[in-house]
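Model the full structure from these sequences, guided by the hints.
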Amino acid sequence: MRRGRFRPAGAALAALLLPLTACDRLAAPAEHAAAAGDPAQHADQGRRPPPVVDHVRTDDPVVFLTYDDSAERDPAFAGLVRERRLPVTLFLTDTVAGPAYGDLARLRPFGASLQNHTLDHRSLRGLPYAGQRAEICGQQTKLRSRFGVRARLFRPPHGTYDTTTLRAAADCGITALVLWRATLDADGVLAPTRGDHRLHPGDIIAVDPDHPTATNLAARTEHLLRTIEEQGLRVGDLEKYL
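As numbered in the numbering used here, residues 17 to 258 make up the sequence shown, in order.
It should be emphasised that the hints constitute simulated quantities derived from the structure, not laboratory data. From the three backbone atoms N, C-alpha and C, an ideal C-beta is built for every residue, glycine too. Some hints here could point you the wrong way.
What follows is a set of in silico ranges between Cβ atoms, one per label pair, in the way DEER data are often shown [to be verified]: (1) Gly248 / Tyr145: 42 to 48 Å; (2) Gly118 / Asn232: 21 to 27 Å; (3) Arg168 / Arg100: 19 to 25 Å.
Following this line, the structure appears as structure tokens:
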């Protein structure tokens with residue numbers, strides 16, 4: 017297997033994306049105020065900032081399924097992960113997913129990767145360094161104490177960030193800030209954030225996990241899996257590629 021290489025997202029990546037929680041929907045990327053993942057932005061900090069990725073460069077026919085909180089609310093979804101041994105990536109906010117940590121832990125042996133989505137789902141862009149570091153490092157501590165894992169991947173709430181976010185993430189041990197190239201919305205519609213409507217190897221897909229009028233998460237995921245397979249692709253383990 018040829019693993020992917022980082023592909024930092026530039027100024028055209030998401031800046032004003034809606035949060036992925038029980039009452040919100042995903043949106044497409046907007047313009048960023050600064051180019052992300054540029055080491056020169058933080059040369060004085062002594063740490064290389066993590067790259068910002070919505071796609072992994074790879075020749076393998078794989079795409080990556082990611083979920084932000086609330087996926088644990090659908091018991092059938094957990095059953096699907098166990099049955100298919102799906103290598104899904106779950107970005108967790110402590111105040112949202114914390115009560116279900118025990119259920120989420122039971123998915124890890126079947127392929128689920130548990131990663132960082134901050135303590136409280138606060139929008140980070142514009143916050144001072146101390147506040148951003150507390151949100152990211154605080155959730156690192158929670159994930160380590162509850163699951164014994166050191167998360168390497170981080171998705172900022174609302175998909176928004178700034179250079180301070182990259183600095184804080186690096187100082188908390190994050191090695192990649194993960195956005196997305198396509199979304200599966202609450203109505204089961206798969207939409208790219210840019211480019212054509214086909215999935216491509218290395219695409220990172222964000223699945224909207226919960227909405228009052230949404231169809232069943234497990235059913236939507238199963239439909240997405242059929243689409244992935246019809247396009248000659250399979251689900252890969254994002255953490256292994258990053």
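Quick rundown of the hints versus the structure:
{"no.": "1", "hint": "Gly248 / Tyr145: 42 to 48 Å", "result": "holds, 45 Å"}
{"no.": "2", "hint": "Gly118 / Asn232: 21 to 27 Å", "result": "holds, 22 Å"}
{"no.": "3", "hint": "Arg168 / Arg100: 19 to 25 Å", "result": "holds, 24 Å"}
When each numbered hint is compared with the structure, no violation occurs for any of them.
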